[in-house]
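Line by line, the protein sequences give chains A and B.
Residues 22 to 339 (the numbering used here) make up the first sequence, in order.
Residues 37 to 340 (the numbering used here) make up the second sequence, in order.
Any given hint could be a false lead.
In silico SDA-like cross-links for lysine to any residue, where the CA-CA straight-line distance does not exceed 20 Å [claimed, not checked]:
1. 92/A - 111/A
2. 289/A - 198/B
3. 105/A - 175/A
4. 289/A - 295/B
5. 137/A - 61/B
6. 289/A - 137/A
If we take Cβ atoms under 7 Å as the criterion, some of the chain B residues that face chain A in the derived model are [said to hold, decoys possible]:
7. 67
8. 70
9. 77
10. 140
11. 166
12. 182
13. 290
14. 312
Keep in mind the hints are simulated off the structure, nothing from the lab.
We put the CB at the ideal spot given by N, CA and C, even for glycine.
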Amino acid sequence: MSAPAIPAARTGQPVSRAKPVDRLGGLVEFWFRGHTALVYAFLYLPILVVVLFAFNDTERRVTTWSGFSLKWFEVALNDRVVHKAVENSFWIALPNAFLAALFGTMAALGLQRVRKSVRIGYDALTYVSVIVPEIVIALATLVFFSSTLDIVNPALAALQGNPSRPFKINFGRETVIAAHVLFNTSLVLLLVRARLSTMDRTLVEASYDLFATPWRTFRQITLPALLPAIVAGFLLAFTFSFDDYIITTFTSGPQSSTLPLFIFGQVKRGVTPETNAVATMMLAFTLSMLFLGQLVLRWQSRRRGQKSSLAGIVAEAG
Amino acid sequence: MTAAADVQTGAPEATYRGGGWRSRLLTALLVLPASIWYLFLLVLPLAIVLVFSFGSRGPRGGFTPTFSLDNYANVFRAVGVDPFINSLWMAAAGTVGCLLVGLPLAYYIATRAGSRKGLFILLLVIPFWVSFLIRTYAWFLILDPQLAVAAVRDLLGNPEFNLLGTPWAVLTGLVYGYLPLMVFPLYVTLERMDRTLLEASKDLGAGRWATFRQVTLPIALPGLVTGSILVFIPMMGEFVIPQILGYGRTFLVGNALYLDFLEFRNWPAGSAKAVLLIIVMLVTVTFYLWFINRGRRTRETSVL
């Protein structure tokens with residue numbers, strides 16, 4: 022998908038367009054278009070390579086093409102390790118996205134109602150959670166869980182007396198979800214707050230003047246206005262969690278390996294086209310989620326007569 | 037970022053009516069879950085890492101509480117500081133790379149794409165939605181000695197030529213992985229640019245280069261600095277790219293942290309490195325804020 026070169030004349034933009042005599046200007050315009058086309062090729066070609074080699078009928082190296090085949094998809098779909106990874110990925114990404122969307126939206130609404138000093142403190146924490154490198158968050162969470170579980174589990178065991186299989190908290194899906202929710206709550210918070218700050222306040226005022234209760238105002242005015250940002254936040258949270266490697270690898274247990282962990286493991290041990298098949302299916306799933314989200318937003322905005330797109334909402338907060 | 041801008045400009049936030057205990061309870065309930073998460077999964081873990089960084093390693097991994105600066109001292113010995121220097125170099129090179137690729141692109145989208153701006157931006161976002169790991173894996177395949185690299189090797193006539201496992205492969209991965217984060221803020225500043233300024237510059241006889249240097253670049257500067265920070269910071273802590281495309285040979289802070297925590301289980305040593313990494317981040321962000329404010333002040337004086 023390379024960028025179509027658009028003649029400036031047709032778009033009618035008041036840009037300093039190249040005049041016929043301006044040789045250098047023509048060259049600069051040509052270079053601009055060429056550069057843009059190359060960058061878009063640079064962005065999409067690698068992804069196409071992954072997809073292409075998923076259909077490779079080879080038994081040996083992934084990158085030695087030996088004909089078209091769907092057999093590696095069959096291998097991937099019958100692989101028990103992949104099944105387990107898919108199951109884990111979904112049962113981590115879904116609860117995480119729900120919790121993050123809920124907590125983030127709640128916090129965004131609550132933060133309008135607090136003193137400025139509290140809000141600034143909150144903003145600082147939100148930015149820390151986004152700015153501190155993922156690997157530091159990951160290792161800090163590992164150390165925290167590990168230290169806490171060393172205290173909590175003996176206490177739990179003492180409370181339960183001596184059952185045959187005492188209830189213990191271990192590294193697993195729960196710890197991964199807890200760690201993912203932190204980052205994603207900040208993400209949703211930023212998106213929803215950006216939306217709140219551009220929201221038309223007069224509607225809320227009007228609703229109160231018409232004697233609507235706060236709850237009714239929220240349901241009929243605020244929530245519909247925020248919904249695009251919440252949906253975008255949910256989708257971003259889901260994909261972040263679904264695609265995450267670093268935090269997951271630090272906070273997961275032996276039984277909670279996800280798809281990214283599977284792929285990383287394959288890269289370390291030696292890849293087969295099965296890796297590509299799994300990656301292709303992940304990719305197709307993530308992109309269809311994006312597409313669905315876009316459709317939902319468009320349907321929403323048509324009903325409400327306002328324009329919104331995923332890219333727009335993300336750009337608004339960025 | 038908009039939220040930060042709100043705080044700075046003091047944008048009027050909605051104030052709900054009534055301020056009784058019920059209202060305050062509701063506020064507290066709304067903020068509670070996120071607060072719990074911030075406290076227990078951000079503040080407390082980072083505090084524990086800080087405490088651990090002064091401790092020493094227990095006999096079976098883990099942590100023995102002591103107070104020593106040994107972990108920090110070890111980082112600054114000959115080999116310990118290498119990952120930091122490597123990371124700084126790679127992140128700086130990656131930022132420059134993103135800038136070289138991203139600035140013309142952002143300029144093109146902002147000034148030449150016309151009504152298709154949305155489409156161009158969407159096309160930029162889509163790869164960003166594809167798993168970071170898969171995008172890195174893609175370069176692992178492309179740079180495979182048997183694929184594209186083979187052609188270059190024949191061309192050079194050098195049978196030793198290879199890219200995987202070199203800093204060049206890591207650099208390519210970094211630029212590829214973080215490019216959109218550089219383009220978005222650049223695009224936003226260039227998009228808001230007043231085009232008549234370009235016309236004015238031209239009418240006053242300035243050439244293309246002079247116009248770019250004296251009009252476009254100063255206007256794009258805030259976006260340029262923001263973009264640079266947005267890509268520099270995650271690049272400093274990058275782990276997946278050097279591990280996959282650099283075979284772990286381009287040894288960055290991320291690799292060192294991974295080894296300390298998950299392989300050697302030497303948590304105190306790793307914690308000291310993590311604290312130092314956070315300090316580097318804080319210095320960078322402080323520098324960024326200083327730079328942005330400095331820019332604001334100079335513009336005000338220039339208006340006078």
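- Close enough to count: is the Cβ of residue 70/B nearer than 7 Å to one in chain A? 4 Å, holds
- Message: Need the status of pair residue 92/A, residue 111/A: alpha-carbon distance at most 20 Å?
- Response: Violated: residue 92/A and residue 111/A sit about 25 Å apart, past 20 Å.
- Should the hint that residue 166/B touches chain A count as held when the rule is a Cβ pair under 7 Å? 6 Å, holds
- Query: Given the hint that residue 137/A pairs with residue 61/B, does the C-alpha gap stay at or below 20 Å?
  - Reply: 18 Å, holds
- Query: Should the interface hint for residue 77/B be scored as holding, given a Cβ-Cβ cut-off of 7 Å against chain A?
  - Reply: 4 Å, holds
- Query: Should the interface hint for residue 67/B be scored as holding, given a Cβ-Cβ cut-off of 7 Å against chain A?
  - Reply: Holds, about 4 Å.
- Message: A closest beta-carbon separation below 7 Å is what the hint needs, so does residue 312/B meet it against chain A?
- Response: Violated: closest Cβ of chain A sits about 10 Å from residue 312/B, beyond 7 Å.
- Under the criterion that the straight-line Cα-Cα distance not exceed 20 Å, is the pair residue 105/A, residue 175/A satisfied? Roughly 30 Å separates the two Cα atoms, so the pair is violated.
- Message: Next item in the hint list is residue 290/B. Is there a CB on chain A closer than 7 Å to its CB?
- Response: 5 Å, holds
- residue 289/A and residue 137/A: Cα distance at most 20 Å? 49 Å, violated
- Starting from residue 289/A, check that the Cα of residue 198/B is at most 20 Å away, please. Holds, because 19 Å separates the two Cα atoms, which is no more than 20 Å.
- Double-check residue 182/B for me: the hint is only fine if its C-beta lies closer than 7 Å to a C-beta in chain A. 5 Å, holds
Going through the hint list in order, the structure does not satisfy hints 1, 3, 6, 14.
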